[in-house]
Amino acid sequence: MKRDQINIGVYICHCGMNISPKVDVEAVAEFAEGLAHVRIARDYKFMCSSPGQEFIIDDIRQYGLNRIVVASCSPRMHEATFRNACETAGINRHYFQMANIREQAAWVTLDTKEATAKAMDLVAAAVARVTYHRPLESREVKVNKSILVIGGGIAGMQAAISSGNAGYQVYLIEREPSIGGHMAKFDKTFPTLDCAACIMTPKMVEVGQHESIRLFTYSEVVSVEGFVGNYSVRILKKPRFIDESKCNGCGICMEKCPIKKIPSEFNENLSFRTAIYSPFPQAVPNTPVIDPDHCRILAENKPCGACEKFCEAGAIDFNQQPEHMDITVGSIIIATGFKAFDPEPLVQYGYGIYPEVYTSLEFERLNNATGPTGGSILMKGGDFPKRVAIIHCVGSRDAQYREYCSRVCCMYSMKFAHLVREKTGAEVWEFYIDVRSPGKLYEEFYNRVQKEGVHMIRGRVAEVTDILDDPENSEDKGRLTVVAENTLTRRMLRIPVDMVILSVGLEPAEGAGDVGRMIGVSSDGNGWFTELHAKLAPVSTVIKGVFLAGCCQGPKDIPDTVAQAMGASGEAVALLSKGTVMTRAEISFIDPDLCAGCQTCVEVCVYNAIDFDEGRGIATVNELLCQGCGSCAVACPSSAASIKHFTNRQVMEELEAILI
Amino acid sequence: MNDQFEPQIIALVCNWCTYTAADLAGTSRLSYPSNVRLVRLMCTGMIDAKYIIKAFLDGADGVVIGGCHPGDCHYINGNLKATKRIYGVGKIMEQFGFEPDRLRLKWIGASEGLEFQKNMAEFIETIKQLGPSPVKSRMIL
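Taken in sequence, the protein lines are chains A and B. Taking my numbering, I'd label the letters of the first sequence as residues 647 to 1306. Taking my numbering, I'd label the letters of the second sequence as residues 838 to 978.
No lab work stands behind these hints, which were simulated from the structure alone. We put the CB at the ideal spot given by N, CA and C, even for glycine. Treat the hints with care, as some may be off.
As the list claims (entries may be wrong) - Here are the computed lysine to any residue pairs in the SDA-like style, where the Cα-Cα straight-line distance is at most 25 angstroms: (1) B/K943 with A/H1179; (2) A/K884 with A/F918; (3) B/K943 with A/V1188.
Said to hold, decoys possible - Negatives, chain B to chain A, calculated, CB over 12 angstroms: (4) F842; (5) Y924; (6) K928; (7) P937; (8) L942; (9) K943; (10) E959; (11) T963; (12) P971.
Based on the sequences and whatever the hints tell you, model everything.
What follows is the structure in structure tokens.
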């Protein structure tokens, strides 16, 4: 198209009261009218509304506009809206450019004149750029109708079940020997005091038996390549040293294993397991694993083979090797969960120093029927505690550790208080900063616990110490003293207690960062994965086809986790049920007339998207693999490579319009 | 005189991290001086040396480049490629009489609206201290 045929329409949005009083929109429209090739410039209250879009569509038709600039919010918000309007009116969707005068001018500039001047510059830049836009087309490609779920906690399990129920093939990957995650370690759940196992184990069994779910436990994702609809995933299946197809889960191997003193990870090291073990009785799959670091044969190469001798099924296989498996999926749901904060650095609380100081997860196991004490809340010496302190916000809401609130600690602390009262009759003292109980029936539970006689003390604990105020008092012998200020009564407290529970906060799971990097999902400063939009796209990510479920996105309780998992599944299913996705249009183009065949681009491309055509002696772009990062365009010494929609000309024009 | 000097600053930012951080600064109403103009690119790895030189030749007093933290690049390692390139451009600019502080590379993640605000304010202040770009006072090329 010759440049004298270019007709640009410029639309300045008031965005209600968001842009308009700060930026003089009429002045900006007037300014735009004077720019080269601009045929028409208008301002309107809400460009994104139907009448706003109609304006554009009508003007395109009436005035023969062939380029559109909308100055409003971020293109991350409404670029697609206006591109669609362009398409509706019959011009290419890439004949459009947005000037972000809301986030970059109106909302961040104090002075009205300055904001208006900045808005004018941004509009001028957009007009200059759009003049050089080229029509681009994207292609429709088929999607692979299967879903990868990473993480087998309650989030991943629910996402897998929901997606499987929709009839899609699901691959669920869990790095531990069993699915279940943290929820499998709990005994009761707040605020209803539902038995966690009673609601959890049926779901675990459902996952294990679901016809659409293929479960890979003791496995990890090692690489993810490709794009929405067509991700190639490589899975590493660690050797269990047990043939899953033969094992019937009778458990005799665990009975006979002579190595019995390995701290049990599942029981938070409060009890022991054998070298051949299943983490807990309801594990799914019910196939044990042999711990190669402790097994006599595997670790020390010494004679043993007790498990092999007694296994009637002949399932033990010491020669099993790590296996790699390659699958192709259309969509990925990340559900890597959390890990509990390690309270050891907070030496003032004495964790790791005094044996009667527990983390919340340790207490969960202590209280659990499948735990080390069979569910009795007992001290290490075997006695019931008479007085228990629960310290909130350990690691959370602490500028030195984690600034954020971990959301679940207040509620589980009150659950603990209730359980301690119910099971032992002990006095319970809770030390909190603020009690946070926003949730259905949560505040009611808080009231109930208070009525049960739990002492709620508003004050951060200064110290847990074994120095007693009155060492002569025989009742306090062997006790710990919790030192705190009751900030409501302004009194210092020194409470002798038998047991201290630290309500530790939540952190992203170990290795979550690696998963994020592998897939390209970014995380915030704390390591939680970043959703596409904090409010309107809470389960989506910047990577199309990749969704988030559960705590990997931020601390969450079980109801929220399950809801988000269902949401993530819904999004994944919606994507796949359509059957096709559009390829991206903004990808590399290598001009065959300019390419000298030096292959620099082939070297810099991290996606292996550029092939060298030996016959023609030039490089060619694989449109499906290219992500449009632009590495090749910059590296190309003969300027043959360029990124569509980000050509040198387009960027240079934009710069020039701003500066000159 | 420098009190009245209002520099022209170009920010070449990647779509995924720093542009998003700028949006977040906006949504959070974190104000900063209006001297900076953002140019959105998909990745810092697509920033050609030409763009930086063009910006300076057209009169920019400072150029700041914003991308994802190392390891967080949406395109695996575009930001690392940018690091090397921008270091090289900086060296060349210096030989042509530009103060090296006029070109800055910053990693600002998508969730770091506050960082964006702080960095822009700081950079603008730095350029104000340096005064107008030498391009404006004399022909250097």
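Taking the hints in turn, this is what the structure says about them:
1. B/K943 with A/H1179: 23 angstroms, holds
2. A/K884 with A/F918: 23 angstroms, holds
3. B/K943 with A/V1188: The hint holds at about 21 angstroms.
4. F842: 15 angstroms, holds
5. Y924: Holds: least Cβ distance 14 angstroms, greater than 12 angstroms.
6. K928: 17 angstroms, holds
7. P937: Correct as stated: the minimum Cβ-Cβ distance to chain A is 21 angstroms, above 12 angstroms.
8. L942: Its Cβ never comes within 12 angstroms of chain A, the nearest being 15 angstroms, so this holds.
9. K943: 15 angstroms, holds
10. E959: 15 angstroms, holds
11. T963: Its Cβ never comes within 12 angstroms of chain A, the nearest being 19 angstroms, so this holds.
12. P971: 15 angstroms, holds
The structure shown violates none of the earlier numbered hints.
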